[in-house]
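If you want the building blocks of each chain, they are given just below.
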Amino acid sequence: GENVEQHPSTLSVQEGDSAVIKCTYSDSASNYFPWYKQELGKRPQLIIDIRSNVGEKKDQRIAVTLNKTAKHFSLHITETQPEDSAVYFCAASQSGNEKLTFGTGTRLTIIP
Amino acid sequence: DAGITQSPRHKVTETGTPVTLRCHQTENHRYMYWYRQDPGHGLRLIHYSYGVKDTDKGEVSDGYSVSRSKTEDFLLTLESATSSQTSVYFCAISHGQALGGEKLFFGSGTQLSVL
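Going line by line, the protein sequences match chains A and B. All residue numbers for the first sequence refer to the working numbering, where the first residue is 12 and numbers rise by one. All residue numbers for the second sequence refer to the working numbering, where the first residue is 13 and numbers rise by one.
Just chain A, with the same shape it has in the complex (with noise of 0.2 Å):
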């Protein structure tokens, strides 16, 4: 089955600054990597998706690239702000596999 390895585990910037969190696939036949953010006591939400016929994807100040070749995928955080802390999931899933796998979580702490 797909397995996701998220880097790293914790992750601390200033305010303004910006922050990437990085993932790795196992299983070429994935193409859809959604990225969920969960803030402390709340349920975990998508903030953006992006599928494997496209390289990047932005959203505002968040931004998300995918490298198919090397199988990995980043999350692109710019200007933070202090709302931006939280713990940001990877996932990934391939067409027709309605399971999303994902990954083991980091904790972005954004230093005011």
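Do not rely on the hints blindly, as some may be mistaken.
As the list claims (entries may be wrong) - To be clear about the criterion: a stretch of chain B counts as covered by chain A if any three or more of its residues have a C-beta under 8 Å from a C-beta of chain A, and this derived list gives those stretches: (1) 53 to 59; (2) 102 to 108; (3) 115 to 124.
Said to hold, decoys possible - Straight line, CA to CA, 16 Å or less: simulated EDC-like cross-link-like pairs of lysine to aspartate or glutamate: (4) K115(B) - D60(A); (5) K110(A) - D66(B); (6) K110(A) - D68(B).
Derived from the structure by calculation, the hints contain no laboratory data. Source: prediction; values computed, not measured. Every residue, glycine too, gets a C-beta built ideally from N, C-alpha and C.
Assemble chain B onto chain A, guided by the hints.
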């Protein structure tokens, strides 16, 4: 919040007792999932359902069973709870890829403690 509710929100039980968690949706989503969340492990799939009475195992299904007798309800049962099943359990729903709806909507979670 996508019309998905979990019950109970918190539960404390003793080792060896049966426990059932309930997930209820009002969105008519085809797919329903049970995940557990543990520090250092992220979200791991226990079981999922792709229709009424249609279920399949996830990566950590041992010790758990599920049932889906109606579109809106997905039950997770721990037949004989063990301390290793102490965790936060999340239910999630989705329309599925065929409808371009892979996005998961999560419930609020159930904190289960097995003493």
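Among all the numbered hints in the text so far, which are the ones the structure does not match? As far as the earlier hints go, not one is violated by this structure.
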